[in-house]
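Trainee: Residue-level listing of the chains:
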Amino acid sequence: MSLAAETPAASETILRRNLATFTGNRLAMLCALIVVLFVVMAVFAPWIAPHDPNETDLFRRLQPPGWMAGGEWSYVLGCDALGRDILSRIVYGARISIFIGIVVILVATTIGILAGLAAGYLRGWVDMLISRIVDILLGFPYLIFAIGLMAMMGPGLWNIIFALAYKEWVIPARVVRGETLVTRELEYVEAARALGASRGHIMLREILPNVLSPVIVVATIRMAHVIILEASLSFLGLGVQPPTASWGSMVADGRAFMLEAWWVSTFPGLAILFLVLAINVASQGLRDAFDPRFSE
Amino acid sequence: MSLLKVEGLSKHYEGRRGIFDRLTGAKHTVVRAVNEINLTVEKGEILGLIGESGCGKSTLGRAILRLHEPTRGEVTFDGTEVTALDAAALKAMRRRMQIIFQDPYACLNPRRTVAEIVGLPLKLHGLAANDAELREKVAAICAKVGLKPGQIDRYPHQFSGGQRQRIGIARALISHPEFIVCDEPVSALDVSIQAQIIALLLELKREMGLTYLFISHDISVIGYLADRVAVMYLGEIVEMGPVEQILANPRHPYTQSLMSAVPEVDHAGRNKRIRLAGDLPSPLNPPKGCKFHTRCPLAIDACRSQQPGAETVGPGHTAACHRLAENLSLLDETQA
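For the protein sequence lines, the chains are A and B, in the order given. So the first sequence is numbered by my numbering: it starts at 18 and just counts up by one. So the second sequence is numbered by my numbering: it starts at 114 and just counts up by one.
Hints listed in this document are in silico derivations from the structure and should not be mistaken for laboratory results. Each hint should be verified, as a subset may be incorrect.
Unchecked claim - List time: in silico SDA-like cross-link candidates among lysine to any residue, alpha-carbon distance up to 20 Å: (1) 261/B x 228/B; (2) 250/B x 213/A; (3) 156/B x 324/B; (4) 236/B x 221/A; (5) 204/B x 222/A; (6) 184/A x 150/A; (7) 204/B x 213/A.
Stated by the list, open to error - According to the in silico footprint, chain B covers these stretches of chain A (three or more CB under 8 Å from chain B): (8) 198-209; (9) 217-229.
Yeah, the Cβ is synthetic: ideal placement off N, Cα and C, and Gly gets one too.
All chains should be modelled from the sequences, with the hints used to inform the complete structure.
Mentor: Have a look at this one:
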């Protein structure tokens, strides 16, 4: 038997195959590009924004977008009730949305992975404890509790992150627990035990790499969700405090002038829509590539 | 002294009791997957363990290695009581007792390269001073099991079933163990590959002085390589003895029916098949008395109430049956 003849090229790994599937999906790639553009916009906001986002100019109060009568092209998306440039505020607002989205998801996913691995691998009372906490948290209405927490703790960036992450971790935790319950019974896990591997080694080195794909997919989908929640909190005035620009609070600011100055609310609303939509479509592409089981 | 001695080894699984069961005082449902097993394995021999699916063969193999913690009983390996070892001592002992698995697809972590998989025992037991030495040792053992040195940075999915089984064997052997549980290592492979893997296992045994507990449901495989055979039925050993004795002169009716089921090329009508009625009883609710009585053509009243003990029927040959004295043989009966 020729050993070489039946093995494919050594460079082909599972990860590469998955990435190739993803990059072959044009719509997902376009959306991934849009997400990247938003991130670039957030990181380089001071260079991209045409004006200071907090500079008020009462002469430009509710100035329309550049292409409308009374508008100016240097304030292309118009100005808000305090005469601040809407485009600049959207550019700076991306920082808040994306920063909170990433931090909440990172914190929640890390906690969720550890909790899920512990529950799924150690079973017994550990699983009992973690699963009951998860069940209880799942019973909490997400936004209402976030509002309650924010009302208790007061506004502030880290308070928002806590108010969103306190519950977000249950989602990756459940995914990881379920995958771990299946994976722990596989023979390679038993082989590691037979070789004398510790529980930590088995959980982190044998099981974790094999349950990561669905976690990555879930994390991206949930990031869109977290961004909406942050916008909702800011809309309700419980998020980042003025004058710091946040898309949610910008939508709220424009609500009073919806009929005479639609642009104040509409453009930040569109920013939320595009970012969330792009993340969702891109994450579906990721899901199809990394976890074909979930695709219809 | 035997290399491995198993005394009264049992592995029971308790069913979960819900709140309702506890309130009504319902008893635990207990699955006696492995029940009161006694056996010894001499250094350098191959003990074949045979039985149908679900009879507890694999559970017994894993209980011996404490991969499944035994419920009762003792396992003594080379004078050390394995069942009494603490975690650290058990880890050290694992170097000397290894296992080869059935499923060549499930037994290798798909996210690790061959070098990482096969090198893991060296890392865990500190048997390689540095990466270069580790890779050298991995390449050496891979060459020994018939893999090319250039293949050690590949992933498991790039290999065929037979090659994957070779990787699993390399992983089990790299720490130079003395005793290996082979848990149906060839049943998932094509027949032509089976022969290669069996030849490899025999060659490695000679070369490295290994001792095998070889679990299989394939009598021809066991007949080819085992020195002694133990036959399991519903978690218990019903007959054990030298392979020639078991094959030529099986004494337990269950063994006799197993032997009659072996397909023969030379079809001179030597044996008729003994068809057993019914299915393997549920281990949740095993029959009283002799576990085999529900399907045994020779069963008498005593079989339904009393459990037979193992009796010596020849040199090194024991069987557990109430009707050994009558010297009944189903094989003879059907021949007539």
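Trainee: All hints are to be evaluated individually against the structure, with a verdict given for each.
Mentor: Cross-check of the supplied hints:
1. 261/B x 228/B: holds, 12 Å
2. 250/B x 213/A: Roughly 19 Å separates the two Cα atoms, so the pair holds.
3. 156/B x 324/B: holds, 6 Å
4. 236/B x 221/A: holds, 16 Å
5. 204/B x 222/A: holds, 18 Å
6. 184/A x 150/A: holds, 10 Å
7. 204/B x 213/A: holds, 5 Å
8. 198-209: Our answer is that it holds, as 6 residues pass the Cβ test (under 8 Å) against chain B, meeting three.
9. 217-229: holds (count 4)
Comparing the model with each numbered hint stated earlier shows that all of them hold.
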